[in-house]
Each structure stands twice: as structure tokens, then as C-alpha cells.
Amino acid sequence: MDIGLDNRSETGGGGKPAAARADGDARSPVMNAIVPPRRPGRWIAVALLAIFALQMLHTVAVNENFHWGVFWKYLFADQVLRGVMWTLILTVAAMAVAVSVAITLVIMRDSDNWVLRNLAWVWVWFFRGTPAYTQLLFWGLFSVLFPVLSLSIPFGPTVISVETKWIVTPAIAAILGLGFNESAYLAEIFRAGFRAVDRGQTEAALALGMTKPRIWLRVLMPQAMRTILPPTGNETIGMLKLTSLVLAVPFTLDLMFATSAIANRIYLPVPLLMVAAFWYLSITSILMVGQFWLERHFGKGHDAPITRGLA
Numbered sequence: 013m014d015i016g017l018d019n020r021s022e023t024g025g026g027g028k029p030a031a032a033r034a035d036g037d038a039r040s041p042v043m044n045a046i047v048p049p050r051r052p053g054r055w056i057a058v059a060l061l062a063i064f065a066l067q068m069l070h071t072v073a074v075n076e077n078f079h080w081g082v083f084w085k086y087l088f089a090d091q092v093l094r095g096v097m098w099t100l101i102l103t104v105a106a107m108a109v110a111v112s113v114a115i116t117l118v119i120m121r122d123s124d125n126w127v128l129r130n131l132a133w134v135w136v137w138f139f140r141g142t143p144a145y146t147q148l149l150f151w152g153l154f155s156v157l158f159p160v161l162s163l164s165i166p167f168g169p170t171v172i173s174v175e176t177k178w179i180v181t182p183a184i185a186a187i188l189g190l191g192f193n194e195s196a197y198l199a200e201i202f203r204a205g206f207r208a209v210d211r212g213q214t215e216a217a218l219a220l221g222m223t224k225p226r227i228w229l230r231v232l233m234p235q236a237m238r239t240i241l242p243p244t245g246n247e248t249i250g251m252l253k254l255t256s257l258v259l260a261v262p263f264t265l266d267l268m269f270a271t272s273a274i275a276n277r278i279y280l281p282v283p284l285l286m287v288a289a290f291w292y293l294s295i296t297s298i299l300m301v302g303q304f305w306l307e308r309h310f311g312k313g314h315d316a317p318i319t320r321g322l323a
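The opening residue of the sequence shown carries number 13 in our numbering; numbering runs sequentially from there.
Treat the hints with care, since some could be wrong.
Derived SDA-like pairs (lysine to any residue); straight-line CA-CA distance at most 20 angstroms [said to hold, decoys possible]:
no. : residue 1 : residue 2
1   : Lys253    : Arg238
2   : Lys177    : Leu241
3   : Lys253    : Ser294
4   : Lys253    : Ile119
5   : Lys224    : Ile119
6   : Lys253    : Pro281
7   : Lys224    : Leu100
Hints are computed from structural coordinates only; laboratory data are not their basis.
Model, not experiment: these values are computed from the prediction.
Start from the sequences and build out the full structure, keeping to the hints where you can.
Put into C-alpha cells, the structure is as follows:
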């Protein structure tokens, strides 16, 4: 037994001396080498798409109907930059309202009180079932429907009253309209994210004596963020574009209104539409980069490529 093993170690598995095999390795083919398949169709498709894209860019660049001079003239105009600033303010403020209301709705839906559960369901039903433009129109007419806001003793005298127009300004109306509409969608996203966390996590935390608020903050929230972040990032980008509807309030400081006002003044809508599109694309690109890093942070140890090699 020992002699056979020694012979194999000296001669190698193929019966040749080890030195002879070492000399012949450079000339002999490597067995079991992974050779990637050739995909000529992929490179042909890439070449065709590149040619098509270059042709389209050239066509747009030399087309005088786009009025590129007007585009560059108003791209960084003060009125446009002010519109960009207000669009960002509306987006951030409306998302802050939406997130706060959505978390409250999720807690209400998870409550043992059937009244709170049904109230949360009615909120989601109403704001998901009506168009955002209709809701913004309502908030724009709020001061007409309720000219005075008052605090009074039930069936008694009024303690304090104030005109609605001083509280529900166009900016506040736009933020509330956008935020309440978005809260219905975020509530369902958050609820799905929290339900994705195993129920045993909550039971274990209760067994350890943790309070419900502490369970929400220390157990459910960190684990649900991995599921919640991607759709919430998409909703934030959608909110940025949804601010173009605040003219219904009417709010006249956002980017879309600024570019439309300039276009109506110079009778050239196309270059001003491209100005608005440029800024929306720029802000959206920044938001997408931020979303990528947040997803990467909260997805540590979980994320894995599932489509690599399929294309």
C-alpha cells in the first residue's frame, strides 16, 4: 500500500515522472478551463444602438427649431433658479409631511383599537382614490370654503378666530396637498416593509421586556429600511415631478410655472420645456445617487446580484 502511494506521488496521476509533466504543462492544453461564450449579437446590438443614438443627437443638435441659444440663455436665469429652489423646498417639505403621516397611519393600522384602524383605512382609501390635481384644487379653494378658522367651546362662544388665508397660504396648501396625497402611498409601502420583518422579532423583543416604541425604533425600523427604501426613493422622485401640478393651488413660484411664464412671454415653449427637463433630470440624478448609497448602507449582508449573467 505505501509503495503504491509513493510511486504515484513521484510519477504523477498519469504515470509520467513529475519533472516530465512540469516540462510538458506549458505545451499541453489546460483541462476544465472556463471559456466564456461568444455573443456576437450583443456587440452588433450595441453598435446599432450607438449609431442610432449618435444620429439622434446630431439631428437634435443641428435642428434650429429647438432654439439652443434661447435654451442656454435661460438655463441659469434668476427666475428659473428661483423655481428650482422652490421645487426642492416643496419636495422636501411635502415628503416630510408624507413620511410623518404615513408612520402614524401604520401605527394606527397596527393598533388594537378598531376605530383607529378604520380611520387609517379610510384615509388611505380616500387619498389613493382621488387624483392629486383634484386634491390640490381643493386645498386651493380651502380659504373660500372655510373663510374663518375658529376655536370655540362646543355649543358656546368662540374663543379665538383667524382668517384662513393667513394660515393656509398657497405654499402651505401645496405642501399639505402633496404631502397628504403621498402619505397614502407611503403608508402602504411602510406597512409592507414592517410586515416583511419576521413576527418572531417582535415576540422576542416583547419577551425581553422592551416597550412598543422601543421595538419600533430598535427592532422593526432598522430591518424594514432595506425593504422600504427603494420604493420610498421612487416616490420621492415622483414627488419632485408632482410639484409641477401646484399651479392648481395656485402656487406660482415652482420651476414649471417659471419656465411656462417665460415661454408665454417670448412665444417659444420648446426651449423652456427643455430647460425644465434639464433641471428635473439633474435633481433626479442626484436623488438616484443618494438612494443608491442609502440602499447599499441598509442592505449590507443582504443584497446580492440576481440578474448578473442573464443578459
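Report task. Return the numbers of the hints above that this structure violates; sort them in rising order. Result -> 1, 2, 4 and 7
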